[in-house]
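Student: Using the hints provided, position chains C and U relative to the given structure of chain Y.
Protein chains in written order, with this note's numbering: chain Y, 7 to 306; chain C, -12 to 355; chain U, 8 to 249.
To be clear, the hints were calculated from the coordinates, so they are not data collected in a lab.
No false leads were mixed into what you were given.
In silico SDA-like pairs for lysine to any residue, Cα to Cα no more than 25 Å straight-line:
| hint | chain 1 | residue 1 | chain 2 | residue 2 |
| --- | --- | --- | --- | --- |
| 1 | Y | Lys244 | U | Gly194 |
| 2 | Y | Lys174 | Y | Ile217 |
| 3 | Y | Lys306 | U | Asn130 |
Which stretches of chain U does chain Y cover? Using the computed rule of at least three CB atoms under 8 Å from a CB of chain Y, they are:
| hint | stretch |
| --- | --- |
| 4 | 44 to 52 |
| 5 | 173 to 180 |
| 6 | 189 to 198 |
| 7 | 202 to 214 |
Counterexamples of contact, computed for chain Y against chain U with all Cβ distances above 10 Å:
| hint | residue |
| --- | --- |
| 8 | Ser10 |
| 9 | Phe29 |
| 10 | Thr64 |
| 11 | Val73 |
| 12 | Phe130 |
| 13 | Tyr249 |
Here a beta-carbon is modelled for each residue, glycine too, at the ideal position from N, C-alpha and C.
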Amino acid sequence: MSISVQHISKSFDKVTALKDISFKVKEGELFGLIGPDGAGKTTLFRVLTTLLFADEGTATVADFDVVEDYKSIRNSVGYMPGKFSLYQDLTVEENLTFFATIFGTTIEENYDLIKEIYVQIEPFKDRRAGDLSGGMKQKLALSCALIHKPKVLFLDEPTTGVDPVSRKEFWEMLKRLQKKGITILVSTPYMDEAALCDRIALIQDGEILEIDTPNDIIKTFPKKLYNISANNMYQLIKNLNAYKHQYSVYPFGEFVHYTDQRNDFKKEELINYLKENNLKNITITETAPTIEDVFMELAK
Amino acid sequence: MKRFIGFIRKEFYHIFRDKRSLFILFGMPIAQIMLFGFAITNEINNVDIAIFNKSKDATTEEIINKITASKYYTNKQLIQNEKEIETVFKRGKVKAVLVFENDFSKNLIKENKATIQIITDATDPNTANTIANYTNSILRTYQQIVNKDIEIAYQIIPETRMVYNPELKSVFMFVPGVMTIILMLVSAMMTSISITREKELGTMEILLVSPIKPFQVIIGKVFPYIFLSIINAIVIVLLSIFIFKMPINGSFILLGLESVLFTITSLSLGILISTISETQQTAMMISLMGLMLPTILLSGFIFPISSMPIPLQVISNIIPAKWFIIILKGIMLKGVDISFIWKETVILIGMTLFFMGLSIKKYKIRLE
Amino acid sequence: MKKENVIEATNLTKTFGEFTAVNKITFEVKKGEIFGFLGANGAGKTTAMKMLIGISIPSEGQATVAGYDVSTRPEDIKKSIGYMSQKFALYDDLTVKENITFFGGIYGLKRSQIRIKSEELINNLGLQEVSNDLVGSLPLGWKQKISFSVALLHDPKIIFLDEPTGGVDPITRRQFWEMIYETAHKGTTVFVTTHYMDEAEYCDRVSIMVNGKIEALDTPKKLKEQFKVDSMNDVFLKLARE
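Isolated chain Y (complex conformation) (with noise of 0.2 Å):
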């Protein structure tokens, strides 16, 4: 087991961060910790990373304990906190260089494993790193926290404002330094990269929702799902949320994912209550659930 966490629990003075939080991430693994802001995965990084003690339970990354032999796990381990953390008056060059120096390495010993992700930087070297771009940021980020050839990598919430195409360069990124054999631990509030990962866990307010794979995860969902648009969509979901019948009712992009109590859900009946309440162009279409729809369910 790369990380094994049992029964931690965490709470800042009245706030209860983490509650009998257990998980395991087997080595190799790409693990995500999805869930919003303030669901208590910045302190769950920080139990693992050594910086916090957890309140109880116990914890291990790269089979050491994260109390007895933290200094073994700041050896072994990458982080890269949620806040753009390098320095930003020095150069991409001079922060990767100081980051390798202080973990008693050299880029050229491990020019391999941050090669794919430092040429693309490479040309701005000798820029200083606050001027970078947000996904440029990133990357140096990742090439800092990588220098030292880490066992397991802890990355938290690292594609937190950053644009759609480097959201996706980064996540290939990570698939291919996983092939290199790094445990990824890696937290994000978008659900819709939950999908990119082996495994996830679900939180909210300091409670795992949900472990597995993506795929099963959306499995578990019990209810048959539909795609409702008609001409007025504020109508639409107040007609839909006072419907006796209705389970769920949430907007969705341009449809609103909707839910029936029932098992055997009448589509037609719907249809007409909707027309009843001078809605027109009413389209109603079964469809697949997504980890967010699992999200609020569970969360519900």
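Tutor: Chains C and U alone, transformed into the frame defined by chain Y:
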């Protein structure tokens, strides 16, 4: 060791790339020493005075001539009645009024006694005090001359001699103080800010989750500032020697060693501050309010400790700057060697060890 | 029936020295529309929005917002728009009521109006229990709903939202969108700037800015058809690749 050198190199990049901190580092010492040297001064020159002479005889005229001949006073202004005294003070330019009583010389000859009233504008007590003292000394000089003529035996002539700073040059008094403040500012404030900056940026998190040891981070942080503080101390000493013609009577080596000691004391205070503050702003506030103010007010730099109320005198003992100023004055002005200032040196060493011990105890290898 | 345009921009341009941040953008937004203004960081959306809310003067071209020209009548524009940003919303160290009163005052509402509005707002959001609590102690989702309502306090014609739902949990997020739909339904135009493509899916129409130009402008559905993909995220990826 390689880690450590890499760390120090990074610190120098930070310092030389931040225009603001460069200015504080090198602009401030020069600005401060110039400010204290030229502008803020205890000496008085060219003070406007007014004279209300009720007797108008030869003796009073002679005294008036003596007084206005001195470089301290200019623009003598004659006034004719009591009421005018208040008016000239209210206008603000005149800082002192001399009032000669009626029949001044007659009284002097007949009763061997005559009075001059020296009225000073005490809204600025320092200046008022100085004017009164200067005027008294001019009068005494005059008295001596007059008395000589009369040849009275066993006349006791009060004599004051200003030692160490015979010209009463205030810049000599300020140099040790300014040097103390600069070293304190650079060492304590800059280090505490630079450590808290890493906390604020989040880079401290990465440093903690790395094999670099916490004490290496701290030593790496303070090392550049020891170096810069020494440069500053040298700049200040050179400025005072070449611009203000200040003599350095003691040993330069001793001066250097004591400065390094005080720098380390300040650095340990800086580290202590950084362990208790989370943001650069807090670090700056604590440094300014907790260190700079007491240093300026209670170290004897501006206000003599002996004239403070007893509680403040007691408190002044825990201000490292107090001891360093005593050491500096000793070496610079009196030219003493270590045998005269060993006690102060030991106190500083003790304080340094205490602050360091406390910092190590308070330093967190985790985030809480 | 053709709805009136509340925002009209014609060849709107902003240059900083040699650099053209916004390059001749032309678009219009109708009354009651939810308009998504998308682009990557640095694509020029913030600069364009600053011109529209009257705090930056265009280098070339022109625009009217709520009927006022952005170059000549920025003060009138500021009175007729509301603004909510994810970064700055409310004062954490003031209570809910104090925040409402403060912002009401800023928008020039009378004391009596503020009292009525603040009552209304608290009741609508079901905040009776916490109206005297510090905003800092409330969950993020609540803060966002309050700050949205506060931005609507002076009944603006247009409300500008800057990345309104980033980071909140999926359920709160949907409640927030329901509020936006309601606002638009009542006739207030909603102008959303964001680089989160899933926020774009909820808009009536979206424009996508790339390197200072508007490269695509249509309903999400039509854009997805045009690019033959099934999410706005992929539309964006395709656009950026070109």
